[in-house]
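K.L.:
So you can see what is in the structure, the chains are spelled out below.
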Amino acid sequence: MPNSIFTSADLTAYLAIGAVLFGLGTIGFLSRRNLIVMFLSAELMLQGVGLTLVGFGRYHGNWNGQILMIIILTVAACEAAVSLALVVQLFNRSKSLDVTIWRDIREAGLPALVELDQDVEPFLAAPGSESYPHLSPSGREPEVSVVASGQRAN
Amino acid sequence: MFEIQPLQLIQCLIACLSGGVGTYLMMPHRRQFAKPGLVFAIGLGLILFAAGQLMMLGGSPTPIVSKVFFNIFAIASVVASALMITARDPVHSALWFAVVVLSTSGLFLLAGAGFLAAGTVIVYAGAIIVTFLFVIMLAQSEGKAVYDRLARQPAQATVTGFILIWCLLIVILSNPGNTYFQSGSNSSASLAPRLIPAKDLVNYKRLTATNPTYMVMGKTLTPEITLPDTIQATLPAGIPQPHVAGLGAAMYTTHLISSELVGAILFVALAGAVVIATPRVGGESS
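These protein sequence lines map, in sequence, to chains A and B.
Under numbering that gives the first Met the number 0, the residue at position 86 of the first sequence is numbered 85, and the numbers go up by one with no gaps.
Under numbering that gives the first Met the number 0, the residue at position 194 of the second sequence is numbered 193, and the numbers go up by one with no gaps.
Only chain B is shown next, with the shape it has when bound in the complex:
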């Protein structure tokens, strides 16, 4: 089960220790031994070191351009998230979260999820702007408030979080399919056998072939990217499959019920937000 290399184990430990100490030093809390700015700079240096260790720990895409961009986006997302959770000013926190979202979108793009990258930027940037406006309207403290300059139990929280990160990294790096040290492995060759056990989840073969549930389940458990035949027939042969068409086809055939449920959730959230935020006329709360 645990096939982790000793070198990876040591690197993982170093990354988690330096990252944890760095995060603790960056948290807003009074340190007696130095000025806050110096402590923050030391913590940021440790976080950068930990991010570099993390980059050496995991693999990265093999083409050199992909490798460079992957490392840039990954380090940016990790460092910006550390800065986000330690920013004194909530406005800065929201801006660092925007940086995290943008670099995560870059990672989505490198994973071939172009539509999702655009959607993440649009939706999250919109949500960020809304949050930003709320911060400006409500807080107006500019880091002066006491609760922004005093973290609650920073040492305990950091230890807890980095133990979680360490456990997750150990499990991820020691998974049976981890072929980090075997260069040139092609995972797409063994695609179908990996997905066969999913069919055991639902014993759908007992249903008749004309049953709608059977047809939906059969499409769900098919381990291939396919467009519906009606769309596929219109495409000239030999060109690669259009990205958004495949995503839309999967969304509105296989995951149709999920899409409807998501729409229902949006409507319920809209009604709930209106009910919660509307001031009650004549009540005790304004």
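For reference, chain A alone in the conformation it holds in the complex:
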């Protein structure tokens, strides 16, 4: 560790930034509807907690905060693996990343949140034309037999 002094004012600054990151992650998790953005918001909350841990560890002058942050890092990697597997499964079932589709599995007796479609922000295309290259077809189209493609589908 560097020899400069880590005062409690520095600790306060680290804790404040960690708290802000945690709160913004909460907002994102509560209000966004895309499954992947919700997952990223949870990771943002973990980052805020990590800042808090590292600040406390530095303030108290021992390694425990950094060790805890390493453990959080590992658990975050595990969480990423499992949650992305779940996202893939949910996308395969509904062909959409919208979390509102899954509101039917909420607890019985709870009211459903209804989003009004007229509140949707209008889509603004980015200025400039999309410049995908146009490739002329080369060669002749291969013949695919029906039997072979049917076998591959199974």
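Bear in mind the hints are in silico, worked out from the structure with no lab data behind them.
One thing to keep in mind: the hints can contain errors.
As the list claims (entries may be wrong) - Coverage of chain A stretches by chain B, computed from C-beta distances (three or more under 8 Å per stretch; other residues unrestricted):
1. 15–23
2. 28–40
3. 51–59
4. 74–81
5. 92–105
As the list claims (entries may be wrong) - Chain B side only, calculated, beta carbon under 8 Å to chain A, not exhaustive:
6. Met-83
7. Lys-143
8. Thr-159
9. Gly-245
10. Ala-276
Unchecked claim - Straight-line alpha carbon distances no greater than 16 Å define the calculated EDC-like cross-link-like pairs of lysine to aspartate or glutamate that follow:
11. B:Lys-143 to A:Glu-106
12. B:Lys-143 to A:Asp-116
13. B:Lys-34 to A:Glu-120
14. B:Lys-143 to A:Asp-118
We put the beta carbon where it would ideally sit given N, CA and C, even for glycine.
We have chain A; now place chain B onto it with these hints.
P.N.:
For chain B alone, coordinates are given in the frame of chain A:
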């Protein structure tokens, strides 16, 4: 208990109010009074103002270079996280999260956690790339999807989140050890008395000295950064302690069981991800 200064209280309130309004304006939702781009710009300005207020609120390291870098990294992390949770395109969201991770690593570096900064960049950048690939493979919506352009209850969520942030900031700024207004305070002088109450957590002294639990607990509750004697003896006198050696020593002596548990969790997550994501042959789900 609450020793917060009135100036700090007002600054805290201003920061939370402007940040909350800015976040609400940046959320994807239809506003009737102006174009979406203008609303987004207003919200971003409010977020920047709130981040500046936050920087004035907390302290920052005293050397000027540390101060400059600390402010850069802190403002970048706060603003990028606000942009992350409000981005219309999930790809942009992932990229803003990468910015948050990089600036957080800078803050780790300023706190003396160099190994952790590198590890965060490596692990999170890897996770970000994986997420990014998933977004490209799955979504392909480029902000066109309805669920990306309509936040769910943005006002309620923002109010909830910023009340949480406000409470946390009040508690942090009013802690008894907050010596923000006493310049030149040296916290390392009173290190040992702060850590003595931790020994009350576990009444480990009842165990015999040869008990392994006693030895492990004694190392855990020792409030000092020490290398094991076998490593310490090989070092020439007078040089500062190597950083990664101390971290590794703490990890594989004091926190050995935690390391083993983390390895077990990795293995379980691997098996779980394989079980969840593998398509079932002959089942109803593809």
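K.L.:
Please go over all the hints and tell whether each is borne out by the structure.
P.N.:
Consistency of the hints with the structure:
1. For the region 15–23 of chain A, the assignment as covered by chain B holds, since 8 residues bring a beta-carbon within under 8 Å of that chain's beta-carbons and 3 suffice.
2. With a cut-off of 8 Å between beta carbons, the region 28–40 of chain A has 10 residues touching chain B; three or more are needed, and the interface restraint holds.
3. Counting residues of the region 51–59 of chain A whose beta carbon lies closer than 8 Å to any beta carbon of chain B gives 6, which reaches the threshold of three, so the coverage claim holds.
4. Counting residues of the region 74–81 of chain A whose CB lies closer than 8 Å to any CB of chain B gives 8, so the stated coverage by that chain holds, three being the minimum.
5. With 6 residues having a Cβ less than 8 Å from any Cβ of chain B, the region 92–105 of chain A passes the three-residue criterion, so the hint holds.
6. The interface hint given for Met-83 (chain B) holds, since its Cβ lies 7 Å from the closest Cβ of chain A, which is under the 8 Å cut-off.
7. The criterion of a C-beta within 8 Å of any C-beta in chain A is met by Lys-143 (chain B), whose closest approach is roughly 6 Å, and the hint holds.
8. Annotation: interface hint on Thr-159 (chain B) holds; nearest CB of chain A at approximately 7 Å, less than 8 Å.
9. A distance limit of 8 Å between C-beta atoms decides the matter here; for Gly-245 (chain B) the minimum to chain A is near 6 Å, and the interface restraint holds.
10. The interface hint given for Ala-276 (chain B) holds, since its Cβ lies 4 Å from the closest Cβ of chain A, which is under the 8 Å cut-off.
11. Between Lys-143 (chain B) and Glu-106 (chain A), the direct Cα distance comes to roughly 31 Å. Violation of the 16 Å bound is thereby established for this hinted pair.
12. Between the alpha carbons of Lys-143 (chain B) and Asp-116 (chain A) the distance comes to roughly 14 Å, so the proposed pair stays at or under 16 Å and holds.
13. Restraint check: the Cα-Cα separation between Lys-34 (chain B) and Glu-120 (chain A) comes to about 10 Å, which is no more than 16 Å; the hinted pair holds.
14. In summary, the hint linking Lys-143 (chain B) to Asp-118 (chain A) is supported, as the alpha carbons are separated by about 15 Å, within the 16 Å threshold.
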